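K.L.:
Using the sequences and the hints given, assemble the complete structure.
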Amino acid sequence: MFQRFQANLLAMADNLRLAMGTFLGNPLRTLLTLLGIVIGVTTVIVMMALIEGLRLKVNNDLSQLGANTFEVSKWPSGFGRVNWRMYARRKNLTLEDMRAIQEFCPSVGVVSASDTSGGQKISSSTIETRPGVQVTGATSEYINTSGITVAAGRFFSPVEAVDGRQVAVVGLDVADTLFPGMEPLGQQLRIKGRPFTVVGVLQRRGSFLGMVSMDNVLIVPMRSYEMVYGEVDSVEVAVQAREPELLDKAKEEVTNLMRRRRDVAPLAPNDFEVHTNESMTQTFNSLSQVITIASFGVCLLSLIVGGIGILNIMLVSVTERTKEIGIRKALGARRFRILAQFATEAVMMSLLGGAIGVGLGFGLAFLSRWVLGFNTVVPGWAVVLSLVMSSGVGLVFGIYPAARAARLDPVEAMRSE
Amino acid sequence: MSQVNGAGSPRLIDVQDVTRVFHVGGEEVRALRGVSFGISRGEWVAIIGQSGSGKSTLMNVLGCLDTPSSGRYMLNNKDVSHMTDDELAVVRNEEIGFIFQTFQLLPKETALSNVELPLVYRGMRAKERRERARAALAKVHLEHRMHHRPNELSGGQRQRVAIARALVAEPSMLLADEPTGNLDSATGEEIVRLFEELHRAGNTLVLVTHEPKLAARCPRAIRLSDGEIVADGPGRQVALGDLHAPPAQAAGGS
Ligand SMILES: Nc1ncnc2c1ncn2[C@@H]1O[C@H](COP(=O)(O)OP(=O)(O)O)[C@@H](O)[C@H]1O
Ligand SMILES: [Mg+2]
Chain G
1 MFQRFQANLL AMADNLRLAM GTFLGNPLRT LLTLLGIVIG VTTVIVMMAL
51 IEGLRLKVNN DLSQLGANTF EVSKWPSGFG RVNWRMYARR KNLTLEDMRA
101 IQEFCPSVGV VSASDTSGGQ KISSSTIETR PGVQVTGATS EYINTSGITV
151 AAGRFFSPVE AVDGRQVAVV GLDVADTLFP GMEPLGQQLR IKGRPFTVVG
201 VLQRRGSFLG MVSMDNVLIV PMRSYEMVYG EVDSVEVAVQ AREPELLDKA
251 KEEVTNLMRR RRDVAPLAPN DFEVHTNESM TQTFNSLSQV ITIASFGVCL
301 LSLIVGGIGI LNIMLVSVTE RTKEIGIRKA LGARRFRILA QFATEAVMMS
351 LLGGAIGVGL GFGLAFLSRW VLGFNTVVPG WAVVLSLVMS SGVGLVFGIY
401 PAARAARLDP VEAMRSE
Chain U
1 MSQVNGAGSP RLIDVQDVTR VFHVGGEEVR ALRGVSFGIS RGEWVAIIGQ
51 SGSGKSTLMN VLGCLDTPSS GRYMLNNKDV SHMTDDELAV VRNEEIGFIF
101 QTFQLLPKET ALSNVELPLV YRGMRAKERR ERARAALAKV HLEHRMHHRP
151 NELSGGQRQR VAIARALVAE PSMLLADEPT GNLDSATGEE IVRLFEELHR
201 AGNTLVLVTH EPKLAARCPR AIRLSDGEIV ADGPGRQVAL GDLHAPPAQA
251 AGGS
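Residue numbers (my numbering), protein chains in the order written: chain G, 1 to 417; chain U, 1 to 254.
Please keep in mind that the hints were generated in silico from the structure rather than gathered at the bench. Wrong hints could be hidden among the right ones.
Derived coverage of chain U by chain G (criterion: at least 3 residues anywhere in the stretch with Cβ under 8 angstroms from a Cβ of chain G; other residues may be distant) [unchecked claim]:
#: 1; stretch: 57–66
#: 2; stretch: 114–125
#: 3; stretch: 171–185
Computed list of chain U residues with no C-beta within reach of chain G, every gap over 12 angstroms [unchecked claim]:
#: 4; residue: G71
#: 5; residue: N77
#: 6; residue: H144
#: 7; residue: A166
#: 8; residue: A216
#: 9; residue: R217
#: 10; residue: V230
Predicted model only: the values in this text are computed from it and were never measured. For every residue, glycine included, the Cβ atom is placed at its ideal position computed from N, Cα and C.
P.N.:
See below:
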């Protein structure tokens with residue numbers, strides 16, 4: 001029993017030693033064959049690194065919102081508004097709603113309201129930005145509920161907000177574009193021709209997915225915003241619980257209040273949305289799951305392509321090495337031993353492809369940090385799964401050529417050249 | 001290791017009425033038409049005959065690379081006539097040392113690794129394997145070349161590597177198919193001397209050849225013609241028709 005085990009180990013060691021035979025016979029051909037597997041694994045590693053990095057960043061960004069903050073909105077959160085019309089028919093949220101929340105919900109600390117218009121052009125006396133600035137109109141409490149920080153100057157005051165003063169807090173991209181090399185504080189800018197004075201500059205927040213800068217923003221008092229863009233239909237209300245422990249209670253109070261104010265029938269579902277960090281994270285996670293599954297699908301496809309490559313190169317290898325197989329069989333190699341030799345070889349080759357893919361994936365993920373502006377993180381399970389999948393492909397596609405090798409007749413095999 | 005020393009029968013090989021029929025495109029080619037003979041331990045037997053007479057077919061059957069279509073082949077008291085592929089592989093590994101006309105060495109492995117190969121399939125540890133392979137190479141006077149690959153060796157040296165490989169696992173018999181066929185006469189002579197040495201050391205040798213001069217040097221020869229044994233006796237007598245040759249030393253013949 002033990003001897004048998006020992007013999008198996010010895011056989012395995014010998015097969016491992018022989019496993020690079022095909023590769024060493026023609027390294028370039030082998031590498032080209034492995035391309036499918038390499039591409040598949042690289043794709044998965046890079047995608048997983050992006051998603052994992054993004055997940056960490058999103059979780060981090062969301063937690064900056066404050067653990068005790070949630071949002072009330074007419075719109076569902078997430079990516080792409082499905083069934084837009086259904087939500088559009090809902091009653092709007094107003095500044096009155098915000099005030100009511102402030103007044104009637106004892107667990108609530110700070111409440112703010114805001115509305116945002118994307119794709120705006122902002123101009124100074126000499127320069128105009130490209131139409132990509134996000135302009136937000138907000139109440140003065142916004143500074144406490146949104147997770148932003150003022151780096152220089154100040155946020156606008158409650159008085160300025162109530163009066164609808166023409167003051168603006170700008171993101172760094174806007175400041176750099178409009179006032180290059182100048183101190184932005186005190187400068188004048190125009191939104192749709194209306195003049196605003198810069199009173200504050202926001203701290204840098206970086207970019208989302210390396211494409212949308214989160215510093216290309218501008219925040220003005222809600223009333224001034226309405227003077228520019230007209231009355232806001234439905235505001236987003238951000239609510240901060242007095243204490244982190246009161247978050248659930250605050251949510252309950254706000255939900256009940258809103259249902260009453262909006263005349264929702266007792267058993268009917270809410271006609272408004274409550275977004276928490278959790279629900280945003282959940283939305284993101286379900287999205288990233290879709291991407292994960294999709295990229296494994298892509299990977300599986302390339303692995304199958306790679307597997308066919310393995311099948312092909314192993315068949316060629318068995319043909320080229322028929323004589324060797326004949327000699328081995330004549331000298332006493334049993335079928336399984338030959339089968340194992342070639343199957344090991346196929347697995348090792350595809351594993352090599354997988355390893356190259358993992359290496360390339362790490363490299364690309366690392367390089368993409370500079371392009372994307374956030375840290376990519378290759379999750380360990382993705383590495384393990386890629387390697388397991390590629391060796392599995394080697395086994396599945398290598399077994400047929402190996403079985404052919406094992407069945408060769410030694411006399412005929414030795415006669416081949 | 002089971003070195004069954006033919007306790008029951010003195011004969012290492014006992015071939016009874018063996019035939020081998022090939023089917024080539026619906027036609028039957030009867031390569032062996034019922035041959036019977038025995039070979040005892042320590043014998044040196046040449047198998048001669050014209051091309052196509054069935055020498056290689058017989059050699060493949062004797063070497064357990066092929067099985068008879070009918071008849072019985074006992075090797076070392078084991079009936080190997082109906083064994084499976086894997087059973088035959090084990091018998092080949094334990095009982096037979098092959099020496100081929102074209103050497104059949106693995107081109108990418110060194111002389112030493114080539115010689116180790118039968119021991120690899122016996123499941124022996126690398127260290128012991130290497131020691132035995134080195135000793136076998138010493139027996140064929142090639143110890144100084146053990147780290148060379150076949151393409152760095154002369155024809156005679158390659159054949160000596162093959163002989164070392166045949167010897168290394170201490171088989172019951174050595175089977176050589178035209179071992180000097182690819183060598184010049186001087187080198188061939190070297191190899192034949194080596195066979196004589198091995199014969200004196202007690203090895204059982206079966207040598208397939210079409211050269212009467214070589215067969216004449218063997219104590220016993222079997223002549224095949226058209227798949228049948230037509231002569232079995234002292235080498236010189238069977239190979240050269242020399243009636244004054246000394247009689248074969250062991251009881252062979254059918
Ligand atoms: N694998 C095979 N398939 C069909 N016919 C074969 C095969 N091997 C040998 N033969 C035939 O059997 C006969 C004996 O061949 P062989 O044993 O090779 O003779 P020798 O070695 O004496 O030249 C020949 O007619 C040959 O054509
Ligand atoms: Mg022949």
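K.L.:
Does each hint hold? Answer for all of them.
P.N.:
Structure-based check of all given hints:
1. Counting residues of the stretch 57–66 of chain U whose beta carbon lies closer than 8 angstroms to any beta carbon of chain G gives 4, which reaches the threshold of three, so the coverage claim holds.
2. With a threshold of 8 angstroms between beta carbons, the proposed coverage of the stretch 114–125 of chain U by chain G holds, since 8 of its residues qualify and at least three are required.
3. By the rule of at least three residues with a Cβ nearer than 8 angstroms to a Cβ of chain G, the coverage given for the stretch 171–185 of chain U is violated, with 0 such residues.
4. Residue placement check: U/G71 keeps its beta carbon more than 12 angstroms from all beta carbons of chain G (closest about 19 angstroms).
5. No Cβ of chain G approaches the Cβ of U/N77 within 12 angstroms, the least distance being about 19 angstroms, so the stated non-interface status holds.
6. Even its closest Cβ contact with chain G, about 24 angstroms, leaves U/H144 beyond 12 angstroms, as expected for a residue assigned away from the interface.
7. With a minimum CB-CB distance of about 9 angstroms to chain G, U/A166 fails to clear the 12 angstroms threshold, and the non-interface call is violated.
8. Every Cβ of chain G is farther than 12 angstroms from the Cβ of U/A216; the closest lies at roughly 28 angstroms, confirming the non-interface assignment.
9. With 12 angstroms as the threshold on Cβ separation, the claim that U/R217 sits away from chain G holds: the shortest Cβ distance comes to roughly 27 angstroms.
10. At roughly 25 angstroms, the least C-beta separation between U/V230 and chain G is larger than 12 angstroms, which holds for a residue marked as non-interface.
Hint compliance for this structure: hints 3 and 7 are broken, all remaining hints hold.
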